[in-house]
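**Student:** Chains A and B, in that order, are what the protein sequence lines are. Using our numbering, you'd call the opening residue of the first sequence number 418 and step up by one each time. Using our numbering, you'd call the opening residue of the second sequence number 32 and step up by one each time.
By construction, these hints were calculated from the structure, which means they are not laboratory data. Beta carbons: idealized from backbone N, C-alpha and C, even for Gly. Hints are supplied without guarantee of correctness; some may be wrong.
Derived DEER-like restraints, expressed as beta-carbon distance ranges [unchecked claim]:
1) B:Glu681 - A:Ala506: 51 to 57 Å
2) A:Arg502 - B:Gly442: 55 to 61 Å
3) B:Phe337 - A:Ala547: 52 to 58 Å
4) B:Leu419 - A:Arg650: 51 to 57 Å
5) A:His626 - B:Phe337: 36 to 42 Å
6) A:Asp446 - B:Ala367: 48 to 54 Å
7) A:Ala547 - B:Pro781: 45 to 51 Å
If you want the footprint, here are the derived chain A segments under chain B, 3+ residues with CB under 8 Å [said to hold, decoys possible]:
8) 477–489
9) 518–526
10) 561–570
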Amino acid sequence: MATATPPSELSPSSVFHARALTKTYGDGDAVVRALAGVDLDCSAGEFVVVLGASGSGKSTLLNLLGGLDTPTSGTLFYRGWDLGRADEAGLTRYRRDAVGFVFQFYNLIPSLTARENVALITEIAADPMAPEEALQLVGLGARMDHFPAQLSGGEQQRVAIARAIAKRPAVLMCDEPTGALDVRTGMAVLEAIERINRDLGTLTLIITHNSVMAGMADRVLTLSDGHITGEKRNATRVAATSLAW
Amino acid sequence: MSLLDLKLLRDLRALKSQALAVALVMACGLAMMIMTRSLIASLENTRDTYYRENRFAEIFARLKRAPNSVAAQLAAIPGVAAVQTGIALQVTLDLPGVIEPATGLVQSLPEQGELVLNRLHLRSGRILLGRESMGEILAGEAFAEANNLHPGDRIAAVLYGRRQNFRVAGIVLSPEFVFEAPPGAALPNNKTYGVFWMPYKELATASNLDGAFNNISLRLAPGASEAEVIAAVDQVLRPYGGRGAYGRESHPSHTRVRDEIKILQGLSIGFPLVFLSVAAFMTNAVMSRQITLQREQIAILKAFGFSNWEIGGHYLKFSLVIVVGGTVLGTVGGVALGHRLVEMYHLFFRFPALEFHLATSVVVMAIIVSMVAAIIGVVGAVRAAVRLPPAEAMRPEPPSSYRPALVERLGLGRAFTATFRMALRNIERRPARSLLTMGALALATGILVVPNAFRDGIGHVLDYQWDMIQRQTVFVALIEPGPARALADFRALPGVVLAEPVRGAAVELRAGNHFRRLTITGLPARAELYRVIDASDRQLTLPAQGLVLSAKLAEVLGVKPGEAISVRVLEGKRPQFTVPIVALAEDFAGTAAYMEIGALNRLLGEGDRVSGAYMSVSAGEWVNFLEAVKASPRAVSVVVKNRIREGFRETTAQSIGLLQQIYLTFATVVAFGIVYNSARISLSERQRELATLRVIGFTRGEVGAVLVGELAVLTLLAMPCGLVIGAGFARLILASVNTEFVRLPLILTPANYAFAVLVVAVASLVSALLACRRLDQLDLVGVLKARD
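With the hints as extra help, turn the sequences into a complete structure.
**Tutor:** Structure below.
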């Protein structure tokens, strides 16, 4: 990987700064270019939706931005810090302090209650909010002492969101957050995400193949074959409650 | 190969380390079973063949002196098939290059022909025949080896007060001395005690027994009653100072071999069963997890038309591969350990050829036992899997439901971290599995306590015997009880600081139907060197009349202090009297009866006599003292305390050392296997949870702690239980070992416990770390995106 120095002209609000970001898997004839030279800048408070079909490279982008993987080449900075060249411990530190994840399949710890699932994070984070506060934010103040098996899918996903934001992360990464949910519950989940972005000013990235969510975003990126093939800015954001699919 | 079998091979490859862990635990059980059962068979066969081929006698007796013509009377007793008379004489030995003398028992070889009974087995050199070989001697192998004696070497012995030089003609074994040690000894001490044979004529001349004998062995005719023959022999020998005949069951060497076989029998069932149960549980855990993971595959196979039997058979084969692996490892291990133990037995038992023979029937039995264990382990999991209708099996299992753990419900949960709560709730959600895991870890801790309890028990006995009771430097015995002035002669020896007399008398003690033959030891009322100690470690003062018995003797005779016991003296004027039991003494080796020496002499009616003396000798004069004793015509045996003590220590170290190694290996394998296996299963079941933790920013170490937290809690709970179990094992095994001849107290020291805890903690920690290394291979994103 080329030596990277943080560009001096970065604005203070810049969260991600990526240039020629490339990720390949395998080698020789079997080489797969999952991400083929992506340039991207994201600022604090932005709401970004990344659209793309399966295999377009959107999950790879999320893995790199989320510190779950490192790029093959190109540069990636998080607030001027060279995320692209971070080691294992650095990535763990980054995920612990800066990123909140929300996955399609909730991934709650079944042996912990809603409150404890959130507390898991607040125990290790530097400046967390109270677990109760996080759960209130997602509208689950009344079901805090239930175990995951006692919650519906939508409720579980909202616990996952509470868990992701309780540490006051700089970035909220959501990978198909409504993929496993019906429309009504999906909408409640998106509302929660929207509120976090608005109230806490968290840079929010949603990765989805569902183009309906594009209306919620400040900016919509379209990925195909590892390239950014489209970028659109919405003049006004549509409220989650008005979405329909 | 069918495709299912191919799948089996690939699945096995994926699970190889877990399969190995199970196979190793199973192998431990099998190794122990194969080793002990084969050793029992080897010992029994070797012993029986040896006894038969070398015509080991069935009844034995010592006497003062009887003319050779009495042999015919003995042979005429109904039920007696063969009689061997001869001379047995205690001697002091002087070995070249060794300052301290050793003690030997010399027996006579017949003037004509071979021994009729207790025939010798020649190891090297040549056998002595007839009367032509003057000045030659045969030596028992154990003593010869310990003292590096070879045919052609010279040895000096004080025979009935006369020092004579002998040439070792041959090294031999005798069925009478498979355990070559003085009667009553728990452990052999081959450096200081040996057995020898020399032609009758020479021995008879030296011991003034020409034309007479003082030792007999008899063989019974088929169907003869041992008790009747013993009674008849006692009758015949009474006028000749007979000390009472006894059968094989009281023969010191025979009982020692018999007791060893008894111990092996105990070990051959209990321990292997426990190990195999742990292995069965581990198989069950591995297979249950495998079947859960393969739920969908099973459903598809069933949807394609495979029968329940075919699918069940497939998973059964899986566990049978583990059984075969375990059996092979166990057999190899059992044979290897068996060979090592046979070497150790060579320290104790001298057979012409004690070889380890693998009892093949035992291996077959072992295979069956472990197969049954494996089948029991796997059958429940397989049955649950094949019972599911295919459509249902293709759906993922419903999410696991949890609830707060008991301690939390009791309101104690507030202080716990989230990860600790996870561990507690996981433990509680699968109580059976947690209990069995804990049980296995407790077992691993427990078995470690056993060998050290043995070591500490023996150490305690030795310290007790030689610091509390016997505080002399040396014990010197006279050829036969002599006048009291012999004591003055002892006191005049160079360097003697203190000499206290002792008088021994062979007696039969009888209380109701119970009787025992032993020697009453007469001592000064409150001796300095040989102290009679009670159970609370206080020295007893021997009263002017009455007996002090060792507690074990009182127990076997069924008597208590305050009661009277009848005493029949088996030597001298053979008086009979009844005396009160005044107190009980505590001791650990043999059984003893004590009396104040004056009181004993009065009852014996032979005047003021002594059999020997306990002496304390100053270190500076030690060599001069020994020279003087060796030259003394009256001293017949010289027992140097520190040499015996050292010898015991060496033997103990060697035998306990081997046991410790074996138990240590087994405990490590169990602790390692169970922790590793549990951690791997836990990793498989909870990889989603663990991946989530990694993604949200837990470090590898923190996630590792979540993975093994549950096991750490179980290990911590298991260890104290293990110590209790270990103490129980030790108590049981010591109880099975304890006899009238040897008693080991249960000594459990903090060091012993600490060792067991440390070994299990280290084994658990290392295997947990190994399992945690798998966390690095966790595909974080893949796991999270997959549907459960």
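**Student:** If a hint holds in the structure, say so; if it does not, say that too.
**Tutor:** Structure-based check of each hint:
A beta carbon spacing of about 55 Å between Glu681 of chain B and Ala506 of chain A agrees with the range 51 to 57 Å that was offered as a hint. Between Arg502 of chain A and Gly442 of chain B the C-beta distance comes to about 50 Å, which lies outside the given range of 55 to 61 Å. Between Phe337 of chain B and Ala547 of chain A the beta carbon distance is about 54 Å. The supplied range of 52 to 58 Å therefore holds. For Leu419 of chain B paired with Arg650 of chain A, a C-beta distance near 53 Å keeps the hint of 51 to 57 Å intact.
A hinted range of 36 to 42 Å for the beta carbons of His626 of chain A and Phe337 of chain B is consistent with their spacing of about 38 Å. Separated by about 51 Å at the C-beta atoms, Asp446 of chain A and Ala367 of chain B satisfy the suggested range of 48 to 54 Å. In this structure the supplied range 45 to 51 Å holds for Ala547 of chain A paired with Pro781 of chain B, their Cβ-Cβ distance being about 47 Å. Counting residues of the region 477–489 of chain A whose C-beta sits closer than 8 Å to any C-beta of chain B gives 4, which meets the bar of three, so the coverage hint holds.
Counting residues of the region 518–526 of chain A whose C-beta sits closer than 8 Å to any C-beta of chain B gives 7, which meets the bar of three, so the coverage hint holds. Coverage of the region 561–570 of chain A by chain B holds [criterion: at least 3 residues with CB-CB distance below 8 Å; count 4].
Hint compliance for this structure: hint 2 is the single one not met.
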